[in-house]
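Trainee: Residues per chain, in single letters:
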Amino acid sequence: MEAILQYVLTGLSVGSVYAMIALGFYVMWSAAKAVNFTYGDVFMLGGVLTVVLVEMGLPLLLAGGGALAIAALAGAVIERVFVRPFNREANAIGWMLTTIAVGIMLESFTTITYGPLGRPLQTPFVEQPIRIGGSGIYPQELILPVALVIVTFALEGFYRRTVLGRAMRAVAFNRVAAGLVGIDADRITLLAFALAGAIGALAGFLIAPVIQASSSMGVVVGLKGFMVAIIAGIANARGVVIVGVVYGVMEKMIEGYLSTAARDAIGFTIMILALLIFPQGLFGRREVQKV
Amino acid sequence: MKQKSWAGWAALFLLAAGIAIFPWVGDFIGQRFPTSYELRLVMRAMILAIVVIGLNLLVGLAGLVSLGQAALYGLGAHVAALLSLRAGFSFAESMVFAIAIPAVMGAILAFPTVRVRGVYLAVVTIAFGLIFVNILREWVGFTGGASGLANLPRPTMFGERLMATRAQSFNYYYLILVCLLIAVWVQYAIANSRYGRAMRAAAQSENAARALGVNVVGIRTLAFAVSAGFAGLGGGLFANLALFVNYETFTFTASVELLLMVILGGSGTMAGPLVGTSVLFTATQFLQGLGQWQTFGYGFLLALVLFVMPKGIVGSLAALRARMMATSRARETGHWPNGEPNFLNNQNGQGDGTGSALIAKGVTLRFGGLTAVNAVDMALKPGTVHALIGPNGAGKSSLLNVISGFYPATEGEVTVFGHRIKNDPPYRLARLGVARSFQNTELFGQMTVLENVLVGAHTHFHASFAETVLRLPRFGREERTSRNDALRLLDFVGLSDFADEEARNLPFGHQRRLEIARALALRPKLLLLDEPAAGLTHAEIEDLIRLIRRLADHGMTVILVEHHVDMIMAVSDRVTVLDYGEVIAEGSPAEIQENPKVIEAYFGHGAPASPNAAQVPA
Amino acid sequence: MNASASPILFVSDLRVSYGRIEAVRGVTLTVNKGEFIGVIGSNGAGKTSMLRAIAGVLRPAGGSVAFEGADTTGAKSHQMVARGLAMVPEGRMVFADQTVRDNLVLGAYSRVASDPKGVEEDIEKTLDLFPRLKERIAQQAGTLSGGEQQMLAIARGLLSRPRLLVIDELSLGLAPKILDMLFPVLTDLNRQGLSILLVEQMASYALAVTHRTYVMENGRVLFDGASADLAGDDRVLDAYLGRRGKH
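Chains as they are written, first to last, in my numbering: chain W, 105 to 395; chain A, 4 to 621; chain Z, 219 to 465.
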C-alpha cells in the first residue's frame, strides 16, 4: 500500500514535468502548427541558468525568474530565426531539422561552459525527505503537481480571459480570420513561443533541485514531453496534461512492478501502440481529409 | 539529359577507381600509406554511405523522415554479431539475416505511415530508436550492455579470412566497395522505375498518386523495407569490420547524423548520399580537432546547411545548372488536342452488358452532422459527357470523391462498369479504369512532365521488383512501351517540348493539360474532371472542349464538375444540378438553362430572368 | 446614388496568382466614399481572390491597391484593419471555439486594451443591429446557425470601426429568409455613411441593394454599370448560365 502511494506521488511529480513540457508543445503547436523540436533544451536552460544565477549570488526566486525570462527570450528567438522561415509550406518539416540543430548547439554549448556534470540546486524543500515506508520523497517533488495545476489554470485563464490569450486562440483557430480582425499573427506566434519557453523553464527550475541541473537533463524529457503531447492529441490542453501525468505515474509503476531497466522500452512501446490505435491522439479530433 | 547521366556514371567510375587504388597508393609514392587506421576510415565511410543511400530512398524519394535509422543500422550490426558469436553462423549466412531482419522490421515500422505522417511519423521512429537503445543497454545478458559484444570471430568467405590487410589483398575492403556499388546501383534502378516514381509521386501528392492506381501504403512499406535492408547491410559490414558492437554507435544522435548526411548531400539526388557522407565524414574528422566544440560545430553545420543550401550540395548544384541551361532555348507549345486518341482505345469497351458506365443509387455522404451529399441517384451512358453543376458547397466535389473512392459513401451504392464499389480505395478504382483530375491540379511538381505521365501508366507495369532491380528484359520492354505511349500522349496534348521540364515550372494552362494527359495514361474508361477549366483562358477552354468531345467520341465516359457554363453547354450530353447536396434538376443542357429551379439556385429568388427574355442572339 | 466622387478604394490592374494559377487578371475597380458596390459573377470568376488581395490576405502579383489615397499594395491584413478596412470573409470564419462576446471583443482587437469602455459601447450598439446575437452572447460561436454566424462575422467586422466594409459571399449557404434580414442591415449601414464592397454570387440580391455593380468572369471585369440598369440586362444572366436561346 505504501509502495503504491510512493509510486503515485513520485509518478505525479515526474508526470507533472512531462505535462508541463507537453503543455509548452501545445502552446507552440497551437500558434504555429510547428514546434521547437528540442524544446527539452529550453527546459534544461530553466534548471541550468537558475543554478548559474544562484552561484552568481542572486536569491533563488530571482534567479529562477531570470532563468524564465532568458528562456522565454530564447523561445522567441528560436521561433523567429529557426522556425518561421522553415514553416512556410503546409506539412513542411524543415523546422524540425533546424530546431534539432539549435538543440544540439544549445546543449553542447552548455556542456562546454557549464560543464558536463549536474550541479545541485539548494532549496528548503530538498533538505529533508518525507518518509513513506522504506523510501522517501522530497517536498520539492510534491511542489511539481501543485505547480502543474497552477500553470494549467493560469494558462486556461490566460486563453479565456485576456485579450492576448483570446488572440492566441484566434490565431490557432484560423490565422486568416485573425489577421482580418487586426491581429498580427506572426507577432502572436512569437509570443506563444516565448510563453512556451517560460513554461518549459519553469518545469526545469522546479525539478532541478531533485535531479540536479545538467546540460543533458533535457533531451529525453523533451522527447517524452513531445510524445505525450502527440499521444494526447496535441491540440487539446487538458488532454495533454492528463496524459503527461498518467504517463509519469505509469513509468513509476513499471519501475516498481516490472523493471526499472525496461521502463522506457515499455513506455515507448505503449506510446507507439496508442498512436497506432488513435492516430489523432487520445483526445484529438479526427480531421476530415481534404481531397 | 542523356549527357548528364553519362557524366554521373563517369564520376562514379572515377570515384570507384580512386577508392580501389587507394590501398596501393603507398606503392606508387614509396611511403607507408595508407595506414590501417586510414583504411579503416575509408571503410567506415563506405559503410555509412550504404546506410545513407538507404535513408535517401526513404527520405528523398518516399518523403518519409525517419529519425530512428541508426537503430535499424544497429539492428543489422547486432544480428550479424549475435549470429556469428552465439550461433556460429558463417559470415555469408549472418549477413543474409543482418539484411533480412532489419528489412522486416522496417516494413513493420512502415505500418504507422498508414495512419500518421510528418511529425507523427518522426515521433514513432524516434521512439523506436529509443526502445532499441534501451533494450541493448539494459539486456546485459544478451547484448552485453555497455560493454557490448566483443571478440567477434574474424569473418571468412570461401575459406579466405576477410581482412583489410595487404596479406589478404585488402579483400574485406573490396567487399565493402562492391556492396557500396551494389547499393548505388539499386538506388539508381529503383529511382528510375515505376517503384521510384510511385514513391516520389506518393510523397509529392498522395491523393494524385492514389487516384492513379498507386497503392501508397504498399509503396511506402517497400521504401521502408529496402531502406532498412541497406541499414542492416551496413550494420552487418560494420560489425564484421569492428569485431565489436555496442549501443553507443546507434543512438538518436547517430540517426540525426545519418539524416544530416542525406540532407547535406541533397536528398532525393543520386549522388547526394555519396557526397553528403564524404563531406560530413571528413568534416567530422576535422571537427574532432575542436575537442569539446565538436558537437557544437555539428549543430552549427546542420543549421548552416539548412539555411544556405536547403537542397543540399548536389541539389543546389543541379538547381544552379538548371538555371543556367534554362535560358538556352525557348519551348514551343503544341496544339491540343493534337490528333485522335486512338492509342487509348484498347480498354474502352463500351458494351459490357449493363448499358451504364456508372450508376449511383441513393448515395449519401455525411461528415459528422453535415450532409454533403443527400440521396443522389445518377446513371451514365458509356461514351457520354455528364456535367455536374451547382452553387458553391452544393456537394459536387464530395460526390466526385465518393465516385473515385476517396470518401466511402455513408449510404447508398455506386456501381462502375458493373462493379459495385464499397470501401474500395482509390487505387483499386483506378485499376478498374476510373481516372480523375483535381480541382487544384495535383501534379507531382518536382518530377518531370514525362515522369508525371509515366506515373499515370503505373498500373500497366507488371515487371516485379527483382526484375526491375536486375533490369531483366520485361522491365526494359515495359519501360520502352510506356515511354512511347507517354510521349504520344504528350504530343496529343501538345507538351512534347516540355517532356524533361519539372512539372511545377509549367505555366498554369499547361499544368491542366498535363494533368489530363496523366489521367489518360491510365487508359481510363471513366474520366472525372474536377473544374478543369478553372483559371484557363477562353482559347484554352475552347481547346479543352474539343479534347473532351474527342475523348467521348472514342468511347470514354466523362464526368465534368465545372462552373464555366459556356463550356458545360457546349460539351455535355447531360447535366445534373446539385444544391445542398441534392439533385434539383437533371436533363439536357438546354433544359437546364431554362429550368427556373436552377436559375433560382444560382441567382436567388426574383431573378431578373424569364425564358421569354432570352431572345438575345448568340 | 451616393457619388461624392472621391474614391475610398481604388484598385488598378490588379493581378493575383496562386503559384502559376492566375486567378485575377488585371481588375480595375473604384469604390467612392459612401458607395455600396457589388461584384458578381459565377464561381471561380476570381472575386474572392480579388477581395483577398485588397484586404491583405494575399499579396497581389501585380497592379496596385490604394485605400483612402494611400498606396496599400501588399500591406498585411492586420495593417489594413488598422487603416480602416474590415473584411467579412467567405465562409464567415468566426472563431468557433470562443463565445460570441469574445468574437466581438476580438473584432476590436487593436483598441480594446486602450479603450475598453468605448469597445463595450460599440458592442452594445452593434448588438442592437443584430438582436439575435444578443440572445446568444455567451454561446460558443460554433454553435450558432449559419445565418447567426454571418451576423456575427459582420458585427465582428464592424467593431474595428471600418470606413470600408468588404464582404465576401454573404449569401453562401444561407436561406433566402436570412438574406432578407441581412441585406436591409447592410443598406442601413451604408445610409449611415459606411462604404461597402460586396462580392456576391446571388446576383439578384446584389443588384437589388447596391449602387453600382461589376460583373466578373474568368479573372476579369466583363462590364460594370449602375445596378438598376444591370438588373434587366441579359448579359448578366449569360455570365452565369451561358449564352442562352441558342438556335
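Think of the hints as simulated: they come from the structure by calculation, not from any bench. A hint or two may mislead.
[Said to hold, decoys possible] Simulated crosslink set (DMTMM-like; lysine to aspartate or glutamate; CA at most 20 Å straight-line):
id: 1; chain 1: A; residue 1: Lys364; chain 2: A; residue 2: Glu414
id: 2; chain 1: A; residue 1: Lys364; chain 2: A; residue 2: Glu343
id: 3; chain 1: A; residue 1: Lys384; chain 2: A; residue 2: Glu594
id: 4; chain 1: A; residue 1: Lys314; chain 2: A; residue 2: Glu260
id: 5; chain 1: A; residue 1: Lys600; chain 2: Z; residue 2: Asp452
id: 6; chain 1: Z; residue 1: Lys395; chain 2: A; residue 2: Asp582
id: 7; chain 1: A; residue 1: Lys600; chain 2: A; residue 2: Asp569
id: 8; chain 1: Z; residue 1: Lys395; chain 2: A; residue 2: Glu603
id: 9; chain 1: Z; residue 1: Lys294; chain 2: W; residue 2: Glu260
id: 10; chain 1: A; residue 1: Lys600; chain 2: Z; residue 2: Asp289
id: 11; chain 1: A; residue 1: Lys600; chain 2: A; residue 2: Asp582
id: 12; chain 1: A; residue 1: Lys314; chain 2: W; residue 2: Glu106
id: 13; chain 1: Z; residue 1: Lys352; chain 2: Z; residue 2: Glu339
id: 14; chain 1: A; residue 1: Lys314; chain 2: A; residue 2: Glu505
id: 15; chain 1: A; residue 1: Lys425; chain 2: A; residue 2: Glu414
id: 16; chain 1: A; residue 1: Lys364; chain 2: A; residue 2: Asp380
id: 17; chain 1: Z; residue 1: Lys352; chain 2: Z; residue 2: Asp315
id: 18; chain 1: Z; residue 1: Lys294; chain 2: W; residue 2: Glu159
id: 19; chain 1: Z; residue 1: Lys251; chain 2: Z; residue 2: Asp452
id: 20; chain 1: Z; residue 1: Lys251; chain 2: Z; residue 2: Glu286
id: 21; chain 1: Z; residue 1: Lys251; chain 2: Z; residue 2: Glu308
id: 22; chain 1: W; residue 1: Lys137; chain 2: W; residue 2: Glu193
id: 23; chain 1: W; residue 1: Lys137; chain 2: Z; residue 2: Asp315
id: 24; chain 1: Z; residue 1: Lys251; chain 2: Z; residue 2: Asp398
Because the structure is a prediction, the values reported are computed rather than measured.
Trainee: Next, verify each hint and record whether it holds.
Mentor: Going down the list of hints, with the structure as the test:
| no. | hint | result |
| --- | --- | --- |
| 1 | A:Lys364 x A:Glu414 | holds (9 Å) |
| 2 | A:Lys364 x A:Glu343 | violated (34 Å) |
| 3 | A:Lys384 x A:Glu594 | holds (18 Å) |
| 4 | A:Lys314 x A:Glu260 | holds (17 Å) |
| 5 | A:Lys600 x Z:Asp452 | holds (18 Å) |
| 6 | Z:Lys395 x A:Asp582 | holds (17 Å) |
| 7 | A:Lys600 x A:Asp569 | holds (19 Å) |
| 8 | Z:Lys395 x A:Glu603 | holds (14 Å) |
| 9 | Z:Lys294 x W:Glu260 | violated (30 Å) |
| 10 | A:Lys600 x Z:Asp289 | violated (44 Å) |
| 11 | A:Lys600 x A:Asp582 | holds (10 Å) |
| 12 | A:Lys314 x W:Glu106 | violated (58 Å) |
| 13 | Z:Lys352 x Z:Glu339 | holds (14 Å) |
| 14 | A:Lys314 x A:Glu505 | holds (16 Å) |
| 15 | A:Lys425 x A:Glu414 | holds (10 Å) |
| 16 | A:Lys364 x A:Asp380 | holds (5 Å) |
| 17 | Z:Lys352 x Z:Asp315 | holds (18 Å) |
| 18 | Z:Lys294 x W:Glu159 | violated (47 Å) |
| 19 | Z:Lys251 x Z:Asp452 | violated (29 Å) |
| 20 | Z:Lys251 x Z:Glu286 | holds (9 Å) |
| 21 | Z:Lys251 x Z:Glu308 | violated (24 Å) |
| 22 | W:Lys137 x W:Glu193 | holds (11 Å) |
| 23 | W:Lys137 x Z:Asp315 | holds (17 Å) |
| 24 | Z:Lys251 x Z:Asp398 | violated (25 Å) |
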